[in-house]
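In order, the protein sequences belong to chains Y and U. Those letters in the first sequence? Residues 1 to 246, by our numbering. Those letters in the second sequence? Residues 1 to 411, by our numbering.
Check before you lean on any hint, since a few could be wrong.
Stated by the list, open to error - Capping the alpha-carbon separation at 25 Å, the derived lysine to aspartate or glutamate pairs in DMTMM-like fashion look like this: (1) U:244 x Y:125; (2) Y:107 x Y:123; (3) U:244 x U:130; (4) Y:53 x Y:81; (5) U:244 x Y:109; (6) Y:53 x Y:65; (7) Y:53 x Y:123; (8) Y:107 x Y:15; (9) U:244 x Y:134; (10) Y:18 x Y:6; (11) U:244 x Y:31; (12) Y:18 x Y:58; (13) Y:68 x Y:195; (14) Y:18 x Y:31; (15) U:244 x Y:65; (16) U:244 x Y:57; (17) U:244 x Y:195; (18) Y:107 x Y:58; (19) U:244 x Y:173; (20) U:244 x Y:147; (21) Y:53 x Y:130; (22) Y:18 x Y:172; (23) U:244 x Y:130; (24) Y:53 x Y:134.
Since the hints were derived computationally from the structure, they do not count as laboratory data.
So you can see what is in the structure, the chains are spelled out below.
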Amino acid sequence: MSALLEVRGISKTFDGFKAINNLSFSIGAAELRAVIGPNGAGKTTFMDIVTGKTRPDEGEVLWAEGSKSLLRMNEAQIAREGIGRKFQRPTVFEDQTVAENLTMALKAERGPLAVLRWRPSPDSEARVAELAAEVGLSDHIERKAGELSHGQKQWLEIGMLLASDPRLLLVDEPAAGMTLAEREQTTTLLCRLAETRAVVVVEHDMDFVRRLNCRVTVLHQGSVLAEGSLDHVTRNPDVIEVYLGR
Amino acid sequence: MTRTPFVLRHPSVLVVLTVLAVFTAAVTAGSAAYGSGAIPVSMIKLLGKTLCLALAAVAMDLVWGYLGILSLGQMAFFGLGGYMIGQWLMYARTETIVAAQLAQQPIPATAQELQDAVTNQIFGVVGSSELPLVWSFAHSLTAQLILVLAVPGLLALVFGWLAFRSRVNGVYLSILTQAMTLALALWLFQNDSGFRGNNGLSGLQNIPGLDHVGQATLSVWFLWASALALALGYALAAWLVSGKFGSVVRAIRDDETRVRFLGYPVEGFKLAVFTIAAMMTAVAGALYYPQAGIINPAELMPIASIYLAVWVAIGGRGRLYGAVIGAVIVSLLSSWFTGGRAPSIHLPGYVVNWVDWWQVALGLTFVLVTLFAPKGIAGLFDRLSGILPPRRHGRDLGPDQGALQEKEATA
Ligand SMILES: Nc1ncnc2c1ncn2[C@@H]1O[C@H](COP(=O)(O)OP(=O)(O)O)[C@@H](O)[C@H]1O
Ligand SMILES: [Mg+2]
Numbered sequence: 001m002s003a004l005l006e007v008r009g010i011s012k013t014f015d016g017f018k019a020i021n022n023l024s025f026s027i028g029a030a031e032l033r034a035v036i037g038p039n040g041a042g043k044t045t046f047m048d049i050v051t052g053k054t055r056p057d058e059g060e061v062l063w064a065e066g067s068k069s070l071l072r073m074n075e076a077q078i079a080r081e082g083i084g085r086k087f088q089r090p091t092v093f094e095d096q097t098v099a100e101n102l103t104m105a106l107k108a109e110r111g112p113l114a115v116l117r118w119r120p121s122p123d124s125e126a127r128v129a130e131l132a133a134e135v136g137l138s139d140h141i142e143r144k145a146g147e148l149s150h151g152q153k154q155w156l157e158i159g160m161l162l163a164s165d166p167r168l169l170l171v172d173e174p175a176a177g178m179t180l181a182e183r184e185q186t187t188t189l190l191c192r193l194a195e196t197r198a199v200v201v202v203e204h205d206m207d208f209v210r211r212l213n214c215r216v217t218v219l220h221q222g223s224v225l226a227e228g229s230l231d232h233v234t235r236n237p238d239v240i241e242v243y244l245g246r
Numbered sequence: 001m002t003r004t005p006f007v008l009r010h011p012s013v014l015v016v017l018t019v020l021a022v023f024t025a026a027v028t029a030g031s032a033a034y035g036s037g038a039i040p041v042s043m044i045k046l047l048g049k050t051l052c053l054a055l056a057a058v059a060m061d062l063v064w065g066y067l068g069i070l071s072l073g074q075m076a077f078f079g080l081g082g083y084m085i086g087q088w089l090m091y092a093r094t095e096t097i098v099a100a101q102l103a104q105q106p107i108p109a110t111a112q113e114l115q116d117a118v119t120n121q122i123f124g125v126v127g128s129s130e131l132p133l134v135w136s137f138a139h140s141l142t143a144q145l146i147l148v149l150a151v152p153g154l155l156a157l158v159f160g161w162l163a164f165r166s167r168v169n170g171v172y173l174s175i176l177t178q179a180m181t182l183a184l185a186l187w188l189f190q191n192d193s194g195f196r197g198n199n200g201l202s203g204l205q206n207i208p209g210l211d212h213v214g215q216a217t218l219s220v221w222f223l224w225a226s227a228l229a230l231a232l233g234y235a236l237a238a239w240l241v242s243g244k245f246g247s248v249v250r251a252i253r254d255d256e257t258r259v260r261f262l263g264y265p266v267e268g269f270k271l272a273v274f275t276i277a278a279m280m281t282a283v284a285g286a287l288y289y290p291q292a293g294i295i296n297p298a299e300l301m302p303i304a305s306i307y308l309a310v311w312v313a314i315g316g317r318g319r320l321y322g323a324v325i326g327a328v329i330v331s332l333l334s335s336w337f338t339g340g341r342a343p344s345i346h347l348p349g350y351v352v353n354w355v356d357w358w359q360v361a362l363g364l365t366f367v368l369v370t371l372f373a374p375k376g377i378a379g380l381f382d383r384l385s386g387i388l389p390p391r392r393h394g395r396d397l398g399p400d401q402g403a404l405q406e407k408e409a410t411a
């Protein structure tokens, strides 16, 4: 299986502090991967680097067929390549309706002129309705996103990610602030998504990771400490040391 | 699927355009040239100028209220529009006058002599006898009309490209826009910049070729032109901020980073809105200064742009009609209070003279509006039409500096 994303030996130093230290990582085209690690391990910074928000000091980030380098692209170009990202905190456009939020995320040309010419079509409206139904927001489609509950905002954001149909989905701590039922729904959704695309899930919660039932990468001090099945990594003495040793 | 026509989806556009049409008709009916003559020419000019300011405010609202950039240099574009049309007005009129004088001489003047005489007439005040390069097209109305759009548009494009590309945001961007207008004003103040230094351009109320028409009629024509420009500008702005484009623009205001991760080229959108707004402002300026009669570099000083921001804030940013209302009410009140016609208030031991105190009152109003009614005058309309802020749990609508506060958002 050839890799969809391949990260080779990246490092990033913030004010003398090595947040990412010679990190390598790769993921296949249809694969679910959990990334765990203690606070400050560099999980969010890793996502920042892949999505173009942060430039690494060294290393390579290669993408898809032909191994294009992502380091030469800006955030918007990387997003258009098909990398979607869900932030830790739900970030939806609160002053706009659920429908408007979803419409913006729909697959379509992104340039100003193309957006100016864009008109809603029966197709686009059906797609918005379908997405809203998928994330359980059918009854709220004309409401402002700002009025939704925290969990509903998370779902709206997931809906927006689905709308753009990314090839790689980066999800930062999706379970934070969710109820048990919502967590279960979320794991089901993530597993289903990973059938057709690559999904990287950053998570603290071990139960949640266990339910994902996938390969796990353990980050510590900016590099990979262990990789394998959850049972495999939790038997690793280094991992036990990191998680239990402090 | 049939789409409801644009004006029906946005009834406020229809209301604004109707009010504008009724207003224009009423003023025309009161003018000396086309009606009863109840409204003096100076008043008609004031109203015409006010419509131009309202157009500048609509553009400011696009940039600030919708895109989230508090530009404190918008009046640079207004002034540039004025200078560009002013060049032709001054050149062409001086040419007519000089040609008439030279015609009295026994030997007919050559084209070069004519141009030299015009140059002397215009640039004598700054001790120059050569036509500056920047006046190369001043003889041509068409060329100068193109420049009205092209020069401010290009300035906005270059400035915006540099600023947005390096991701300057918030207060720093505001300061940068202010530096831009200040630098432009200081450059224009110099005699050798070719725009007559602090003398500015004058006599702009006399339109070449229309000497026989008279100011009473001309003032009404300019009122019509200003009203038409405002109507078109308003409709254009309303169209821009509706639909998906408007959605993206407001999203950039509230959370620019997030918009990038959706794949939108944020800089391109900023540049488009900033440049369109600059050109709208320039058209407003090009219609304003022929009614004012004179333009000088002081008009481009940052304070003018700050006033524009104050009008939009008082009217209600993020509402196009708010910008119009704010600009009309505050600028008319300003000229009333500072024109010395407002009755002074006699307090025991002190006389409040409005010419001195108006600025203070305006500043105070601005602070009060910002604190207690961030939606400005437009907020009253929202309340009447039942638009209430959403009941929400968070406060700011987004982490960016330009994001609307909770109190400003519509339901
Ligand atoms: N922009 C930044 N400037 C300085 N330090 C940063 C920055 N971003 C992250 N860090 C530091 O890098 C380390 C890794 O952070 P992060 O990737 O957020 O960890 P995680 O998401 O795994 O909890 C932390 O110590 C954090 O303080
Ligand atoms: Mg994190």
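Taking the hints in turn, this is what the structure says about them:
Using a Cα cut-off of 25 Å, the hinted pair residue 244 of chain U and residue 125 of chain Y holds, with the two alpha carbons roughly 13 Å apart. Distance restraint check for residue 107 of chain Y and residue 123 of chain Y: the Cα-Cα separation of roughly 12 Å lies within the 25 Å cut-off, and the hinted pair is therefore satisfied. For the hint linking residue 244 of chain U to residue 130 of chain U, the alpha-carbon distance of about 52 Å lies beyond 25 Å, and the restraint is violated. Of the supplied pair hints, the one linking residue 53 of chain Y and residue 81 of chain Y holds, its CA atoms being roughly 15 Å apart against a limit of 25 Å.
Annotation: proposed proximity of residue 244 of chain U to residue 109 of chain Y holds, straight-line Cα distance about 12 Å (limit 25 Å). Pair hint residue 53 of chain Y plus residue 65 of chain Y holds up; C-alpha atoms about 22 Å apart against a cutoff of 25 Å. Proposed proximity of residue 53 of chain Y and residue 123 of chain Y is contradicted: the alpha carbons are some 33 Å apart, above 25 Å. A C-alpha spacing of about 39 Å is found between residue 107 of chain Y and residue 15 of chain Y, which places the hinted pair above 25 Å, so the restraint is violated.
Between residue 244 of chain U and residue 134 of chain Y the alpha-carbon distance is near 22 Å, which keeps this suggested pair within the 25 Å criterion. Between residue 18 of chain Y and residue 6 of chain Y the CA atoms are separated by roughly 21 Å; this keeps the pair inside 25 Å, and the hint holds. Among the hinted pairs, residue 244 of chain U with residue 31 of chain Y is inconsistent with the structure: their alpha-carbon atoms are about 33 Å apart, more than 25 Å. Taken as a hint, the residue 18 of chain Y and residue 58 of chain Y pair is honoured in the structure, with Cα atoms around 12 Å apart against an allowance of 25 Å.
A hinted pair counts as satisfied when its Cα atoms are at most 25 Å apart, and residue 68 of chain Y with residue 195 of chain Y qualifies at roughly 24 Å. Only pairs whose Cα atoms come within 25 Å are accepted, and residue 18 of chain Y paired with residue 31 of chain Y is rejected, the gap being roughly 29 Å. Restraint check for residue 244 of chain U and residue 65 of chain Y: the C-alpha separation of about 32 Å exceeds 25 Å, so the hint is violated. Of the supplied pair hints, the one linking residue 244 of chain U and residue 57 of chain Y is violated, its CA atoms being roughly 37 Å apart against a limit of 25 Å.
Distance restraint check for residue 244 of chain U and residue 195 of chain Y: the Cα-Cα separation of roughly 31 Å exceeds the 25 Å cut-off, and the hinted pair is therefore not satisfied. Of the pairs offered as hints, the one joining residue 107 of chain Y and residue 58 of chain Y is violated, with about 33 Å between alpha carbons and a cut-off of 25 Å exceeded. Under the criterion of a C-alpha separation no larger than 25 Å, the hint pairing residue 244 of chain U with residue 173 of chain Y is inconsistent with the structure, at around 30 Å. Our distance criterion of 25 Å between C-alpha atoms is met by residue 244 of chain U and residue 147 of chain Y, whose separation comes to about 21 Å.
Under the criterion of a C-alpha separation no larger than 25 Å, the hint pairing residue 53 of chain Y with residue 130 of chain Y is inconsistent with the structure, at around 31 Å. For the suggested pair residue 18 of chain Y and residue 172 of chain Y, the alpha carbons sit about 21 Å apart, so the restraint of at most 25 Å is met. Taken as a hint, the residue 244 of chain U and residue 130 of chain Y pair is honoured in the structure, with Cα atoms around 19 Å apart against an allowance of 25 Å. This hinted pair does not check out: residue 53 of chain Y and residue 134 of chain Y have alpha carbons roughly 29 Å apart, beyond 25 Å.
Hints 3, 7, 8, 11, 14, 15, 16, 17, 18, 19, 21, 24, counting from the list given before, are not met by this structure.
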